[in-house]
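> One letter stands for each residue in the lines below.
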Amino acid sequence: MTTDSTQTRSGGRKAGAKPENSLASGDRAGAGLDRGFAGLAKAAGIFILIILAFVALFLSWNSVGAVYQEEDGLILGRFLSYAWPFALGTVVVAVLALVMAAPVSIGVALYISHYAPPRASKTIGYIIDLLAAIPSVVYGAWGMFVLAPAMLPLYHWLNRWLYTWPEENWGWGIPFFAGSPGLGQNLFTASVVLAVMVLPIISSVCREIFIQTPKLHEEAALALGATRWEMIKMAVFPFARAGVISGIMLGLGRALGETMAVVMVVSGLGFQLSLISAGNSTIPREIALNFGETAPNTERWHQLIALGLVLFIITLVVNMIARWIVSRHREFSGAN
Amino acid sequence: MPQQTKTKSPSPQQNGRPDPEADGVDLGWEIDPQELIRPRSIKGNVLPRWFLPVTAAVGVVVGFALSYLINGFSVNYALWFIFAAVVFIVTSYVVTRQQLNKRKATDGLWRNLVYIAFALALIPLISVIWSVTADGFQGISRLSFWTEDMSQNAAQSRERQIHEGERPMGGGVLHAIIGSLMITLLATVISVPIGLLTSIYLVEYSRGGPLSRGITFFVDVMTGIPSIVAGLFGAAAVQMILGIGNQFGLWSYGPGNYRMGLTAAVALCVLMIPVVVRTTEEMLRVVPNELREASYALGVRKWRTILKVVIPTAISGIAAGVTLAIARVIGETAPILLTAGMLNRVNWDLFTDAMMTLPVYIYWTFTHPIGVGELSYLSEQRAWGAALVLIMIVMALNLIARIIAHVFAPKKTGR
Amino acid sequence: MSKSITAKGLNVYYGDFLAVEGVNIKIAARSVTAFIGPSGCGKTTFLRTLNRMHEVLPGARVEGELLLDEDNIYGTGVDPVTVRSMVGMVFQRPNPFPTMSIRDNVLAGYKLNGARLSRGQADNIVEKALRRANLWNEVKDRLDRPGSGLSGGQQQRLCIARTVAVEPDVILMDEPCSALDPISTLAIEDLISELKEKYTVVIVTHNMQQAARVSEKTAFFNIAGTGKPGKMIEYDDTSVIFNNPANEQTERYVSGKFG
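Protein chains in written order, with our numbering: chain A, 1 to 336; chain B, 1 to 415; chain C, 1 to 259.
Source of the hints: derived by calculation from the structure; they are not laboratory data.
Computed from a prediction, not measured in an experiment: that's the story for all the values here.
One or more hints might be untrue.
To be verified - Simulated restraints, written as ranges between beta carbons of each label pair:
| # | chain 1 | residue 1 | chain 2 | residue 2 | range |
| --- | --- | --- | --- | --- | --- |
| 1 | A | Pro153 | B | Met395 | 29 to 35 Å |
| 2 | B | Arg49 | C | Leu57 | 57 to 63 Å |
| 3 | C | Gly152 | B | Asn289 | 44 to 50 Å |
| 4 | B | Val75 | A | Arg328 | 47 to 53 Å |
No residue lacks a Cβ here, since even glycine has one placed at the ideal position from N, Cα and C.
Generate coordinates for the entire structure from the input sequences, incorporating the hints supplied.
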């Protein structure tokens, strides 16, 4: 307190408590509070590290039961043969989603940053962001009730012309399109739903980067007589490359971990090559469907947690790659 | 700028340039820019304004005709869209190329692709909003939707519906709304102080040391944790702690009782903390240093400066960020499904028994409708209604965040 | 109330980099002293060491003695916060707290420190400080409006009022007029000559006419080259520095031959 400290100062001088330096009688309590607050802030930061350490620890600790049981010894093979179809399904559905979402998202981002009328572009950006705000369970319901039936004609067509017809004539059809589409609840529909879900994520990252392109570069290109597309190729893309890639990786991370849309849209369990008939599953789906009925600390419980660990590692690797790409391109780009 | 040279490279004519004179006496341009990249006249190098709308209209009409024919004389919107898009793109490319030049045509081609990508992105948005509102309104317009839980409906057996044709009773989502709000509130109460203090540490105290770099890195890692893994962590952690506590007889819960609101809140914290740290950090960093210095120069201690100058200046951004973080976790389904599970009655107790939440309610009702066959429509409408309520909550939170950020932002220093 | 400042062999470092070297100066109480010199010569750095504001930057440290009357502000056990409550500072750009009203801005030194003031005490401090900053008549009707609504010159005087309100012994000003128009600058300069009746004022300025107008003593700082430390070249009465400097560098600078 300033008023108080003024008094303390003069008081200290009169009493001659520290004759060599009257300034030293600053208030100790205040300095202590200062250190206390700094310590509290630091503790919160350390606490976050502890939480993450706990996440890793709990997952690993509980995963041990999936690969080692007392009566059976090491059962890594058992776990792997159980886990690989789910891991494969997870990666396939996420990559498919990305293949569909990435070009469209970049297009949308370009539309907002460089093509839309300037006054409308902000509003359009909000509208696309709204897509990101819709909870995944709603997308799941939409995929289950609206998208799956709507995709059926396509599946029938694909099955007819890419599998059945070639098989009848040449004895071999593309196995991805084998089998009956049924209700349309399959891995392909799930990947379309995931594509819709990650689209706003990728496009908002790209949009931010595109908007940050230095005006000078753009104008330099336009002043040379470049068309808008040539300007985008010359000035915008080189600048935004790393940012776009990291946006796509972010979308991939989200698609890998997405649960509800896949739970509600895919039906079936076992692994199969066909994308358009019921079958296949993903790690998040397997966990969500079975964790509730599993008694704690059984082999099954450990198996499911180990699956979660596998998923965690996959997404971690994807995120690390994204970070590595961004850091490699940092000096040339607007990302970071 | 290296790009400058590229301007000329797209023109393919460069290969066909005339050889420079044999003895190199030529002091002029090796190539004639006039010929290569410049049109003869500044006029007449554009297509008329009506060209694009007319081509689009042609695309729509021809696309309709083609899809109608191919689909066996019935309307198929997907085919219509595809054909219309293809006709539009091809026509405008060919015409532009004929009338103007290749560069213009390429430019137009990519512009059209961008337009179509945008239109494509709008389709699912409109479809989702439409299906949720159309069926959801039916659900939320019933009074029982807001005032009842589902405990009555569960008592009604499937058999009685099948054999006696009894219709499903009212029932609503009261329990799910209460559960969602309570769990989210608890998660917020835990996450915000931790996240806020951490970002204060990162911005105000750490000076780029290993600890702060470590925190930044691991907060990034946390951002990428899949939500279902967060749920697994919550369940496994609480289960383990309960088990340990049980061995020492600390409480009366038996193992297996990890199903409660608290566990869900813990799981949501893992998802929420990194978001709060990121947004708050960003907001604290944009507080001008001048204000901190002004405060220090008045003899104000650092912690008071932070609490009374820095945070009030950034509060609108922080509040907006926290609101967005809440909006993100309130829609999470998977972690809550694994931790709080589900229940068909109102439960106010975060520490005992499962709890129903809106997302889990939506999921469960859609996948396990009450009522058989046609009678399940009431159940479905309730689920769409719950989805509508959830979307409205999330949208309202987003809107509130924008309003906070806009209205309560302090006026900028200076002019 | 007002105190003198004495620096003895003061070196200022940023990490390993020596920014200012060997400053010896004695600034009398109740006077205006101007620091002039080209950009980057260390005059602002030296000014900030006078109330230990340089410590806000990581790695900054000081060697030597800096006495406020007879107390070394870098002595052991001295809390920089206490020093700053005695040595106030006005910055280059006006920086009123954007979340506070004009009244609260004046009271910021008290409110931020958690002091409880009665309504009467607070009104008294506000009026006294604003009158000393020549701002009272312009803002007395809108004390509850945000401080950021004022013009640049008014904002700067508000910042001076905020500094004066906590009754410091010394007021440091870091190019206080560089972001202001000529009329506002004149108002601040008038204010400085009034403030020296009660306070020790040290002002850093790029404007030599301003130094000549407001200060009694002037110190000229210079730097030999990039990467070299800044030094105080000459310190004397303002009239001597501008009319008859002892050092050739000073002569060249004040006559506009470089810098």
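> Would you list, in rising numerical order, the hints stated earlier that this structure does not obey?
3
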